[in-house]
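**Student:** What follows is the residue order along each chain.
Number of protein chains: 2
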Amino acid sequence: MQDSTDIVSYCADIAGRAKVASRQMVGLSTDIKNRWLLESAMRLENKASDLLVANKIDMAKSDTFGLTDAEKDRLRLTTDRVSQIAKGLRDVASLPDPIGEVLEGSIRPNGLEVRKVRVPLGVVFFIYESRPNVTADAAAIAIKSGNAIILRGGKEAANSSAAIIDILRGAAVDIGVPFDAVQLISMPDREVVGQLLKRSDCIDLVIPRGGDSLIRRVVSEASMPVLKHYDGNCHVYVDRYANLDMAIRIIENAKCQRMGVCNAMESLVVHASVAEQFLPRLVKELSKYLIQFRGDKRCIDIMPTATEATEQDWSQEYLGPVMSVRVVQSLEEAIEHINQYSSRHTEAIVTDRVDVAQKFTREIDSSAVMVNASTRFNDGSQLGMGAEIGISTDKFHARGPCGLKELTTYKYIVQGNGHVRS
Amino acid sequence: MQDSTDIVSYCADIAGRAKVASRQMVGLSTDIKNRWLLESAMRLENKASDLLVANKIDMAKSDTFGLTDAEKDRLRLTTDRVSQIAKGLRDVASLPDPIGEVLEGSIRPNGLEVRKVRVPLGVVFFIYESRPNVTADAAAIAIKSGNAIILRGGKEAANSSAAIIDILRGAAVDIGVPFDAVQLISMPDREVVGQLLKRSDCIDLVIPRGGDSLIRRVVSEASMPVLKHYDGNCHVYVDRYANLDMAIRIIENAKCQRMGVCNAMESLVVHASVAEQFLPRLVKELSKYLIQFRGDKRCIDIMPTATEATEQDWSQEYLGPVMSVRVVQSLEEAIEHINQYSSRHTEAIVTDRVDVAQKFTREIDSSAVMVNASTRFNDGSQLGMGAEIGISTDKFHARGPCGLKELTTYKYIVQGNGHVRS
Numbered sequence: 024m025q026d027s028t029d030i031v032s033y034c035a036d037i038a039g040r041a042k043v044a045s046r047q048m049v050g051l052s053t054d055i056k057n058r059w060l061l062e063s064a065m066r067l068e069n070k071a072s073d074l075l076v077a078n079k080i081d082m083a084k085s086d087t088f089g090l091t092d093a094e095k096d097r098l099r100l101t102t103d104r105v106s107q108i109a110k111g112l113r114d115v116a117s118l119p120d121p122i123g124e125v126l127e128g129s130i131r132p133n134g135l136e137v138r139k140v141r142v143p144l145g146v147v148f149f150i151y152e153s154r155p156n157v158t159a160d161a162a163a164i165a166i167k168s169g170n171a172i173i174l175r176g177g178k179e180a181a182n183s184s185a186a187i188i189d190i191l192r193g194a195a196v197d198i199g200v201p202f203d204a205v206q207l208i209s210m211p212d213r214e215v216v217g218q219l220l221k222r223s224d225c226i227d228l229v230i231p232r233g234g235d236s237l238i239r240r241v242v243s244e245a246s247m248p249v250l251k252h253y254d255g256n257c258h259v260y261v262d263r264y265a266n267l268d269m270a271i272r273i274i275e276n277a278k279c280q281r282m283g284v285c286n287a288m289e290s291l292v293v294h295a296s297v298a299e300q301f302l303p304r305l306v307k308e309l310s311k312y313l314i315q316f317r318g319d320k321r322c323i324d325i326m327p328t329a330t331e332a333t334e335q336d337w338s339q340e341y342l343g344p345v346m347s348v349r350v351v352q353s354l355e356e357a358i359e360h361i362n363q364y365s366s367r368h369t370e371a372i373v374t375d376r377v378d379v380a381q382k383f384t385r386e387i388d389s390s391a392v393m394v395n396a397s398t399r400f401n402d403g404s405q406l407g408m409g410a411e412i413g414i415s416t417d418k419f420h421a422r423g424p425c426g427l428k429e430l431t432t433y434k435y436i437v438q439g440n441g442h443v444r445s
Numbered sequence: 024m025q026d027s028t029d030i031v032s033y034c035a036d037i038a039g040r041a042k043v044a045s046r047q048m049v050g051l052s053t054d055i056k057n058r059w060l061l062e063s064a065m066r067l068e069n070k071a072s073d074l075l076v077a078n079k080i081d082m083a084k085s086d087t088f089g090l091t092d093a094e095k096d097r098l099r100l101t102t103d104r105v106s107q108i109a110k111g112l113r114d115v116a117s118l119p120d121p122i123g124e125v126l127e128g129s130i131r132p133n134g135l136e137v138r139k140v141r142v143p144l145g146v147v148f149f150i151y152e153s154r155p156n157v158t159a160d161a162a163a164i165a166i167k168s169g170n171a172i173i174l175r176g177g178k179e180a181a182n183s184s185a186a187i188i189d190i191l192r193g194a195a196v197d198i199g200v201p202f203d204a205v206q207l208i209s210m211p212d213r214e215v216v217g218q219l220l221k222r223s224d225c226i227d228l229v230i231p232r233g234g235d236s237l238i239r240r241v242v243s244e245a246s247m248p249v250l251k252h253y254d255g256n257c258h259v260y261v262d263r264y265a266n267l268d269m270a271i272r273i274i275e276n277a278k279c280q281r282m283g284v285c286n287a288m289e290s291l292v293v294h295a296s297v298a299e300q301f302l303p304r305l306v307k308e309l310s311k312y313l314i315q316f317r318g319d320k321r322c323i324d325i326m327p328t329a330t331e332a333t334e335q336d337w338s339q340e341y342l343g344p345v346m347s348v349r350v351v352q353s354l355e356e357a358i359e360h361i362n363q364y365s366s367r368h369t370e371a372i373v374t375d376r377v378d379v380a381q382k383f384t385r386e387i388d389s390s391a392v393m394v395n396a397s398t399r400f401n402d403g404s405q406l407g408m409g410a411e412i413g414i415s416t417d418k419f420h421a422r423g424p425c426g427l428k429e430l431t432t433y434k435y436i437v438q439g440n441g442h443v444r445s
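Chains as they are written, first to last, in this note's numbering: chain A, 24 to 445; chain B, 24 to 445.
Incorrect hints may have been included.
Below 30 Å or equal to it, Euclidean Cα-Cα: the simulated DSS-like pairs (lysine-lysine) are [unchecked claim]:
id, chain 1, residue 1, chain 2, residue 2
1, A, LYS382, B, LYS42
2, B, LYS382, A, LYS42
3, B, LYS221, B, LYS110
4, B, LYS382, B, LYS320
5, A, LYS110, A, LYS139
6, A, LYS428, B, LYS139
7, B, LYS95, B, LYS84
8, A, LYS42, B, LYS251
9, A, LYS110, B, LYS84
10, B, LYS42, A, LYS251
11, A, LYS70, A, LYS110
12, A, LYS139, B, LYS221
13, A, LYS251, B, LYS70
14, B, LYS110, B, LYS139
15, B, LYS139, A, LYS221
16, B, LYS70, A, LYS139
17, B, LYS139, A, LYS382
18, B, LYS95, A, LYS251
Okay, the calculated bits of chain B under chain A, using three or more residues with CB under 8 Å as the criterion [stated by the list, open to error]:
id, stretch
19, 389-397
20, 405-414
Over 12 Å on every C-beta distance to chain B, these chain A residues come out as not near it, computed from the model [stated by the list, open to error]:
id, residue
21, LEU61
22, SER106
23, PRO211
24, VAL215
25, ARG232
26, GLY234
27, LYS311
28, THR330
29, VAL394
30, HIS420
31, TYR435
32, SER445
To be clear, the hints were calculated from the coordinates, so they are not data collected in a lab.
Note that the Cβ used here is the ideal one computed from N, Cα and C, for glycine as well.
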């Protein structure tokens, strides 16, 4: 633990360096950014053994940090996983450069030439969980979109992340990307986050990824905008006109493929006219997943193994083998229920009717609305964005998966010839 | 004054009504929105005499509120001004509807159809100064972009604004726009704002327009995003390669056309190699405006009437006949000075050199960067956006003039045929 004077000056130094780097990055060409990504990828693979050594240190401490087996698995690096990380950087290199894109433009009646041009946000402060691959991904996305990034990773992956960042910064210096374009916080103190959240003079955006309590703390302390990544209480609505075979397949995929992720399904809404036929079949087909169903009264009448859902259940992101089930009398009631309880992340409808699908996609207020497809598709790579730094549950600035474009802003460049306003 | 229980329930009612209205507005057609705008315009003109009566009550109280002559002038309605307000609504009707625009779209390799579609933000809470025309403009922009709006105008214009809103709501009911799409706060208590700022469950965005202290209060209390409209400390840089005649014309327009607006020039930066020739000429040509110049040492050597600028002067938005003047040795020093002290609103360069203009427009981090044109052009109508609800000094979500598109977000609509993720 450091005393707080040390922490204040450490944070001032980090924030100031990031700001200087971000100004230098304004002129960085696509070519330089891509060469840095490719060079970093090559060095990560060439130095994989160094990374594995660093990772072993983290793994050895993982019991001390009380990591679960699943968490340990996500922390572990192997030669294959290092290659996956390198591939991630190469994928980002192959994406179009968002910077400099002319979003709109016109010549005004008086001859003024107006262009709205995409520019970097500046400095991004990213707080994230302990997976080493996220360290490399976040740095790649930030720099490709012209931003400097300050990384605050989980202490569980401190050695692995530091080894990755050393390689990325080494490549930066050799290729001509500012050394401080990527900085990793090395001080574990909680107060470091608090100090950096005060530096809106240097930091343009903070992205906290992790539990609800982390995000709430950041929102309450941050002096700059926060891109929030709250729960995914995702719904699947099985309409009266649903293909029930398809509904089973979609629910199995949405709920059971990976129960612990934010785009996994948590709540089922079923139209009453198919509930008696559908729900018992669902119970049977998903029996191997040992799912606990929590339903409303109409649901319990049909599914005797279901327990009664509390008000809390309707808003709950379980991230495990529990599912809430609501039986509705109409499409309108389904939409009303979902808009009331969802976290605006992802919802899906299964229906054969075009008019029903249209009403659902229009009226559901979530970042992604799926028709006859699994909620699991709300993901940057699945939607064609190539890479993501998170999935925003905000409506302001960016919504849904956040990739390169979501880390940019724009400015107006206006060219005149002595124009004055009359 | 109301007691606080009354205020809490009043605000809960307002916020809840706005939320309900915003959901109803999701399906509102362009045709209905435009018919409401045109009908409202017609009724405002037909009932101009009622508006003038209401305005007379406000004017009669204006001394009690301590309004300056300029403020009284902005508050005053005339038949002509009512026609201007009506014209503003017709202009908004003629703008393209932003809602439903497909921003991007693709068919993924697995056949999933992905569309990124522009949708309303939801409910906007707008706090503004006492000009009656702003009441109508804000309502028009909000509804055309599919949002419900809660208006909190200055108490000085309470009667004028209420009369305008009565007409707009009357037209809404008759045309089929939800009655509560526009609501005007009638309770003058300061606590009303505080209560509404807590309602992030109903309100998606707050836009405070007014003094610095209002914006800071809103930022510190708001639980939802705030679109900020801070100072405009706008710079004009006269380069060594400037056409000096053009520089004089641009500075005269930028500084003197309307001194009290946010896109007015406040700070002059001059390259040393033209300073001796340019500054005395500037003093002479602007003499009729009685401008007080506050400069650095090099400036004072050249302009004996200038006083020494303090550190505070470099960041100051004067909104009156004062100008800070800085002499620099290089383009780099000019950019450095501007990026350090500007409020990121609007900056201009006067230069004949393409390479200098390119470096300036790239490296200056402001919402609008003008080349050989007045800072006064940073304005929604001048840049071709048709109407604006403010000029954002934020980089997040929207930057510069905020019109229809800036009050929208988007969602992904994904169409499959039983697609599950592998």
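**Student:** Check the hint pairing LYS221(B) with LYS110(B) against an upper bound of 30 Å on the C-alpha distance.
**Tutor:** violated, 36 Å
**Student:** Would you check the hint for LYS70(B) and LYS139(A), treating anything up to 30 Å between C-alpha atoms as holding?
**Tutor:** Judged against 30 Å, a Cα distance of about 40 Å means the pair is violated.
**Student:** Confirm or reject: SER445(A) is not an interface residue toward chain B, with every Cβ-Cβ distance exceeding 12 Å.
**Tutor:** violated, 9 Å
**Student:** Going straight from one Cα to the other, do LYS139(B) and LYS382(A) come out at no more than 30 Å?
**Tutor:** Distance of about 17 Å is within 30 Å: holds.
**Student:** Just to be careful, I want the Cα atoms of LYS110(A) and LYS84(B) compared with a cutoff of 30 Å; is the pair within it?
**Tutor:** Violated: LYS110(A) and LYS84(B) sit about 70 Å apart, past 30 Å.
**Student:** Can you tell me if the stretch 389-397 of chain B counts as covered by chain A, using C-beta to C-beta distances under 8 Å and a minimum of three residues?
**Tutor:** holds (count 9)
**Student:** For GLY234(A), is the shortest beta carbon distance to chain B beyond 12 Å?
**Tutor:** holds, 20 Å
**Student:** Tell me if the straight-line CA distance from LYS382(B) to LYS320(B) falls inside 30 Å.
**Tutor:** holds, 27 Å
**Student:** Could you check that no beta carbon of chain B comes within 12 Å of the beta carbon of TYR435(A)?
**Tutor:** violated, 4 Å
**Student:** So if I understand the rule, the pair passes when the alpha-carbon distance is 30 Å or less; does LYS428(A) with LYS139(B) pass?
**Tutor:** holds, 13 Å
**Student:** Between LYS139(A) and LYS221(B), does the CA-CA distance stay at or below 30 Å?
**Tutor:** violated, 34 Å
**Student:** For ARG232(A), is the shortest beta carbon distance to chain B beyond 12 Å?
**Tutor:** holds, 18 Å
Checked against the numbered hints above, the structure violates hints 3, 5, 9, 12, 13, 14, 15, 16, 18, 29, 30, 31 and 32; every other hint is satisfied.
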